[in-house]
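If you read the protein sequences in the order shown, they are chains A and B.
According to numbering that gives the first Met the number 0, the residues represented by the first sequence are 0 to 289, in order.
According to numbering that gives the first Met the number 0, the residues represented by the second sequence are 0 to 289, in order.
To be clear, the hints were calculated from the coordinates, so they are not data collected in a lab.
One or more hints might be untrue.
Pairwise CB distance ranges, derived in the manner of DEER restraints [as the list claims (entries may be wrong)]:
| # | chain 1 | residue 1 | chain 2 | residue 2 | range |
| --- | --- | --- | --- | --- | --- |
| 1 | B | 68 | A | 267 | 35 to 45 Å |
| 2 | B | 61 | A | 248 | 27 to 37 Å |
| 3 | B | 68 | A | 174 | 41 to 51 Å |
| 4 | B | 248 | A | 60 | 51 to 61 Å |
| 5 | B | 281 | A | 113 | 47 to 57 Å |
| 6 | A | 29 | B | 134 | 18 to 28 Å |
| 7 | A | 113 | B | 267 | 35 to 45 Å |
| 8 | B | 262 | A | 93 | 43 to 53 Å |
| 9 | A | 269 | B | 251 | 12 to 22 Å |
Even glycine gets a Cβ: it sits at the ideal position worked out from N, Cα and C.
2 protein chains.
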Amino acid sequence: MRFEQISSTPDVCIVGLGLMGGSLALALKEAGWRGRVTAVSRNPRTLAAAESGRAIDRGFTDLAAGVADAGMIVLATPVRTLLRQLPEVGRHARDGAVVLDMGSTKAEICAALADLPQGLEPVGGHPMCGKESAGFEAADANLYRGKMFVLCPLARTTAAALRSAHALVDAVGAHPLVLDPAAHDRAVAAISHLPYALAVALVNAVAAADDPLAWTLAASGFRDTSRVAASDVDMMLDVLLSNRQNVMDWLQAYARQLASLYAALSEQDEAALRRQLAAAQERRAPLNAG
Amino acid sequence: MRFEQISSTPDVCIVGLGLMGGSLALALKEAGWRGRVTAVSRNPRTLAAAESGRAIDRGFTDLAAGVADAGMIVLATPVRTLLRQLPEVGRHARDGAVVLDMGSTKAEICAALADLPQGLEPVGGHPMCGKESAGFEAADANLYRGKMFVLCPLARTTAAALRSAHALVDAVGAHPLVLDPAAHDRAVAAISHLPYALAVALVNAVAAADDPLAWTLAASGFRDTSRVAASDVDMMLDVLLSNRQNVMDWLQAYARQLASLYAALSEQDEAALRRQLAAAQERRAPLNAG
């Protein structure tokens with residue numbers, strides 16, 4: 000086993016060149032990241048586009064070959080793909096390599112990261128950003144700028160590995176926030192996965208009624224409330240399934256609020272209705288300033 | 000009874016100088032509306048601000064005095080205020096005056112408009128726009144530009160009155176859409192009042208859990224999905240109560256969709272979950288292009 004000093008700006012290999020991975024490559028290049036930036040994608044055309052756009056120095060279609068020389072491996076595939084790729088990453092990454100993931104849920108992934116071979120340096124991560132458009136075509140060097148980037152160090156994570164992760168977060172203009180995986184998953188279920196589920200149910204409810212007029216009238220309120228329903232299905236399927244219990248708990252809590260609104264309306268209890276609308280208005284309005 | 004020819008750009012009196020009324024005044028002035036633009040507000044400071052900003056030619060705190068000379072009266076107060084004001088408008092408006100409202104629900108208002116004294120020329124209206132910020136301070140000359148403006152002619156509405164309403168819609172840059180009040184109310188319950196109710200329940204569910212981390216992490220998905228929860232409470236209380244049955248029906252339809260998502264998740268039925276996410280994605284994504 001060679002001893003590898005962890006560089007704070009090591010050669011980075013990004014696994015997955017979709018929206019998140021592609022944006023990371025562009026952001027690192029724009030920030031003048033000193034190490035090489037390579038990527039693994041199963042799609043040679045994506046790699047060619049990324050190489051010709053100078054987003055990466057070199058592309059690999061083979062995971063083992065791609066991760067072999069990197070000082071830092073960043074996993075940017077959907078959650079369940081990532082979980083399937085981890086053992087192979089573990090077999091082929093060099094000693095001392097930092098393994099950072101960008102999966103949207105953390106408990107399951109951090110447990111899998113903890114099982115990586117000794118000698119590797121895993122850190123969990125989740126940048127709090129995204130958009131509906133998927134794929135490298137939608138990648139944007141500014142996607143991470145000003146956004147929070149959650150880091151979940153494991154018991155085995157070394158200070159040096161965490162410093163490397165911080166350096167990458169800083170380079171792309173994001174703000175690091177160190178969190179426990181369980182606390183992360185509970186909170187993102189509330190503010191990301193639950194809103195997604197609501198938007199899906201909203202779109203499907205309106206679609207089921209088959210009233211073309213509703214779509215004609217759909218104004219900004221509907222567009223905003225339903226926006227996340229346009230998210231990538233593969234990504235979100237993985238997210239919901241890998242954060243299933245939290246999402247179910249929040250759906251229950253949400254259904255109680257909905258029932259309470261319905262009851263106030265049904266009973267024409269104006270005071271109760273006003274209380275609920277005013278409470279939401281008071282909590283939500285300050286976010287517009289942020 | 001004097002005979003009044005309906006001018007296509009008559010003197011307009013706007014009742015209520017909040018976001019909607021204030022924006023209408025600014026838009027008419029910017030469009031070079033040939034008639035006078037006056038307004039009624041209970042707040043003399045709002046009137047002074049509108050006069051000094053040249054949004055209106057003259058302000059009135061007294062409803063009767065304000066509407067007396069107008070060739071067109073546009074009601075821009077919350078739904079239930081508007082319903083209370085209509086009889087007084089009926090007593091003081093001059094013969095031949097067009098009475099257009101901008102209330103968010105139409106069945107109840109159109110029924111009340113139909114009861115106005117003969118000699119008046121009522122038309123129901125609802126511009127499909129808005130924002131969370133309320134009040135004249137938030138008024139914007141471009142609020143109506145490119146937006147749909149629903150018009151609901153009554154059985155008694157004359158062609159001349161409808162032409163006046165069209166002229167006003169054109170002047171502010173909106174697109175007129177003539178609709179039946181019941182069809183309007185059913186559709187806006189789906190695409191405006193239901194999203195609002197969902198956003199309120201979402202914010203209240205997250206607030207009830209009292210997890211500060213959720214608010215810290217609240218990213219763009221949560222912000223968009225919950226945006227309309229910051230809407231003006233008085234306005235929305237009136238909207239929900241005056242479109243109660245439609246909103247309740249949609250809440251029921253929505254709850255069925257939500258239950259179906261929950262069931263797929265609970266049973267780990269990946270195929271059913273994927274079907275629901277994909278259906279929503281397919282319906283929602285095209286709206287991003289619009």
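The hints, checked one at a time:
Checked against the hint of 35 to 45 Å, the pair residue 68 of chain B and residue 267 of chain A passes, with Cβ atoms roughly 39 Å apart. Separation of residue 61 of chain B from residue 248 of chain A is about 55 Å and departs from the stated range, judged on CB atoms against 27 to 37 Å. Taking the beta carbon of each, residue 68 of chain B and residue 174 of chain A are about 59 Å apart, not inside 41 to 51 Å as hinted. The hint said 51 to 61 Å for the Cβ distance between residue 248 of chain B and residue 60 of chain A, and at roughly 53 Å that hint holds.
The beta-carbon spacing between residue 281 of chain B and residue 113 of chain A, approximately 38 Å, falls outside the hinted interval of 47 to 57 Å. The given range of 18 to 28 Å is broken by residue 29 of chain A and residue 134 of chain B, whose C-beta atoms sit roughly 42 Å from each other. At about 24 Å, the CB distance of residue 113 of chain A to residue 267 of chain B disagrees with the hint of 35 to 45 Å. Separated by about 46 Å at the C-beta atoms, residue 262 of chain B and residue 93 of chain A satisfy the suggested range of 43 to 53 Å.
Here the CB-CB span from residue 269 of chain A to residue 251 of chain B is close to 21 Å, well matched to the stated 12 to 22 Å.
Consistency note: the structure conflicts with the earlier hints numbered 2, 3, 5, 6 and 7.
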